[in-house]
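J.: Now for the letters of each chain:
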Amino acid sequence: MNRKPALPVHQVIIKPKTGWQLIDWKEIKEYKDLIYFLILRDVKSIYKQTVLGFSWAILRPFLKMIVFSVIFGRIAKIPSDGIPYPLFSYAGLVAWEYFANSLKRSSGSLITGSGIFTKVYFPRLILPIVPCIASLVDFVIALSIVFIMMFIYGYVLSWTILYIPILVLLMLITASGLGMWLSALAIQYRDVPYGVEFLVQLLMYAAPVIFPVSWLPESLKLYLGIYPMYGVIEGFRSAILHQTPMPWDLIGIGAISAIIILFAGAYYFKKKERIFADVA
Amino acid sequence: MKDNSIKISNISKRYRIGVKEEIHDSLIGKIASFAMSPFNNFRRVQKLSKFKGLNGGEDIIWALKDISLNIKSGEIVGIIGKNGAGKSTLLKILSRIVEPTGGSAIINGRVASLLEIGTGFHKELSGRENIYLNGTILGMKTDEINNKFDEIVEFSEIGKFIDTPVKRYSSGMYVRLAFAVAAHLEPEILIVDEVLAVGDAAFQKKCLGKMSETAQAGRTVLFVSHNMHTIQNLCNRVILLEEGKVIMDGKTHKVVSNYLKPIQENNIEGESSLRNWPGSRKSPGKIRATYLRTLDKNGKTCSTFNIHDSITLELDIENISKNGFVVSFLINDNQGTLVYQVRSQDSPIDTVHVPTSTTVQMTISELKVIEKQYTVDVWVGNHFDKMEDFVESAIAFDVINVGHSKLGLRSIVHETGKWKIK
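In order, the protein sequences belong to chains A and B.
For the first sequence, the numbering used here begins at 1 and goes up steadily by one.
For the second sequence, the numbering used here begins at 1001 and goes up steadily by one.
Note that these hints are calculated values from the structure, not bench results.
Hints should not be assumed to be uniformly reliable.
[Said to hold, decoys possible] When the alpha-carbon atoms are kept at most 25 angstroms apart in a straight line, the in silico BS3-like pairs for lysine-lysine are as follows:
1) K1386/B to K44/A
2) K1245/B to K1007/B
3) K48/A to K1210/B
4) K15/A to K1065/B
5) K1047/B to K15/A
6) K44/A to K32/A
7) K29/A to K1141/B
8) K270/A to K1047/B
9) K1160/B to K44/A
10) K29/A to K1148/B
11) K1123/B to K48/A
12) K1167/B to K15/A
13) K1245/B to K15/A
14) K1245/B to K1210/B
15) K272/A to K44/A
16) K32/A to K1141/B
17) K104/A to K1160/B
18) K32/A to K221/A
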């Protein structure tokens, strides 16, 4: 007879899946150590063997800001709600760069991670989420420059910057939702990463990065809010520079569509999950 | 009384292998197929995950078909079989990497699978960081790694390079570090694919030792290997797979000897008929190897040689090409290391003006290899050096060591050297 006290047995049943469950939070929690080290790996490895290191997190939006200020601010004379155009565009770009980086890295996450998930089991949903969290480091670094620019242009900080985490969460949800969907597509159809390059460009011009929402007709405003980056970027500027009131209507609509995007993405990912290792 | 650790019922897995592409000869055909290629590509990629009906096409293979097994906790089970028999697919299903097409399995206990070593290693990160990364990927918790960290570093023999990026490591160091992490896994069920095939012999031994320790601690181990020696050392039960089905399941020596029988039957005491070869063979063409013998210095067939004996390989060849041919013998040790490659091109022999059935002899005057079992691959090419026939493990012979000290002997080649004191 077995004399050992009965241990709580960890039982797994393997069979072809028929039903579906969106996100198994309990299981993901069990793998929190893995999530932590995957994030750490992403953060530590991204600027390895570069001369400028994490300065790139600042340089990328900063250089874009210079180009945009010349082309859109000086030449095209796009209005900026009375904010100096460099500050206006940099504030938008900091948020945008976070979203764009997360989306690009998240949608490629299954392809880059295929060496791992074809050899070991863990909840695959971790893969598209990790880059969205790792990109936060770049975001925070780039954000610090906004405060320096504000000081130079004579803007004062207000308590409204406390809204920033809400906006970041909205971007995280949107980017990981889209990332789940695109990464699940990309592992089978390798055209997707090429398409995403273009999509991200397009999405930037569609978002109020280079122009203010007030530049667009009022009647369109709420429809545009369906694209969560409208509320996020406009809200971001208002939280930092408080020139315009917080666009809660846009943020509210954006939040609803972000959550729909997340669930739709997770659903598609879960549905496709079982074939990842077969098509990778 | 022991519980079932793994209970597999009727597991099947089908795969779609690549569909052959149509090739057009005409320019118009080529242009048309280029224009249509996005559509065709889409269909092809889409088909990777779609199976119409049960036998949805000719390009479907069943990697596993109706596998049912019960594995009790604490058992150490070896899985053997030829390439493509479904061994790795079975391990992948049990590791939850791929989903079975049909059937189910119940696993009681935490599983760690080692289908590869160094999974998730990042070249830019240091050894220390990779131990944590790889450890958590394999299912260890951070505290567990903290506790075992010094042990892992010591086992890996990496020492002061622990904070160097692993891309600066030699390949040996890389493998040792990866192994060290893997060797310290302590799951209830361990699934191991042929990962011991890498690394130097001394380190392999160390890992095997560590693994049998794990096994003796009452864990269930599933182990795939081509190395019968390792299987016999580690396992108390062996499962033989062939074309996705369980052919035999039982005591190690029984199953292993049954598996080796077809090869050994053709291979009695230094003789091996290659006419109806049951093992691995590639594209027999117009020139083929038909019979192979290993001879001792007196020209008698023999399968055991002393460390400094001479050995003669005698090969019968049928050549209907009316041209010359070339022969290579590849002698491998039991870990698959190529020890000798001897080529007829390097010697002035006339293979043109000979009858259709010819016998070729090659002699190594002094073997100089340490005691192990060695296998010989036979490669036959035409006068353009193109392969006509290739028989893997066509014959085996043992090298024994009589009259030389075994103490501290580690190299494969045993060179006595000419020594003197000046």
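J.: Tell me if the straight-line CA distance from K1386/B to K44/A falls inside 25 angstroms.
T.: Violated, because 50 angstroms separates the two Cα atoms, which is more than 25 angstroms.
J.: Under the criterion that the straight-line Cα-Cα distance not exceed 25 angstroms, is the pair K270/A, K1047/B satisfied?
T.: holds (19 angstroms)
J.: Verify the proposed pairing of K32/A with K221/A, using a straight-line Cα cut of 25 angstroms.
T.: violated (40 angstroms)
J.: Hint check: K32/A vs K1141/B, CA-CA at most 25 angstroms. Holds or violated?
T.: holds (9 angstroms)
J.: Below or equal to 25 angstroms on CA atoms is what counts here, so check K29/A against K1148/B.
T.: Roughly 23 angstroms between the alpha carbons, so the hint for K29/A and K1148/B holds.
J.: Within a Cα-Cα threshold of 25 angstroms, do K15/A and K1065/B meet the stated pairing?
T.: Roughly 14 angstroms between the alpha carbons, so the hint for K15/A and K1065/B holds.
J.: Is the straight-line distance between the alpha-carbon of K1123/B and that of K48/A 25 angstroms or less?
T.: Given that 25 angstroms is the threshold and the Cα spacing comes to 10 angstroms, the pair holds.
J.: Does the alpha-carbon distance linking K1047/B and K15/A stay inside the 25 angstroms limit?
T.: holds (22 angstroms)
J.: So if I understand the rule, the pair passes when the alpha-carbon distance is 25 angstroms or less; does K1245/B with K1210/B pass?
T.: Not satisfied, since the Cα-Cα distance of roughly 31 angstroms exceeds 25 angstroms.
J.: Quick one, are K48/A and K1210/B close enough, alpha carbons at most 25 angstroms?
T.: violated (35 angstroms)
J.: Is the straight-line distance between the alpha-carbon of K1167/B and that of K15/A 25 angstroms or less?
T.: Cα-Cα ~40 angstroms, so violated.
J.: Is K1245/B within 25 angstroms of K15/A, Cα to Cα?
T.: With a Cα-Cα distance of about 18 angstroms, the restraint between K1245/B and K15/A holds, given a limit of 25 angstroms.
Figure legend: structure checked against the earlier numbered hints; hints not met, in rising order: 1, 3, 12, 14, 15, 17 and 18.
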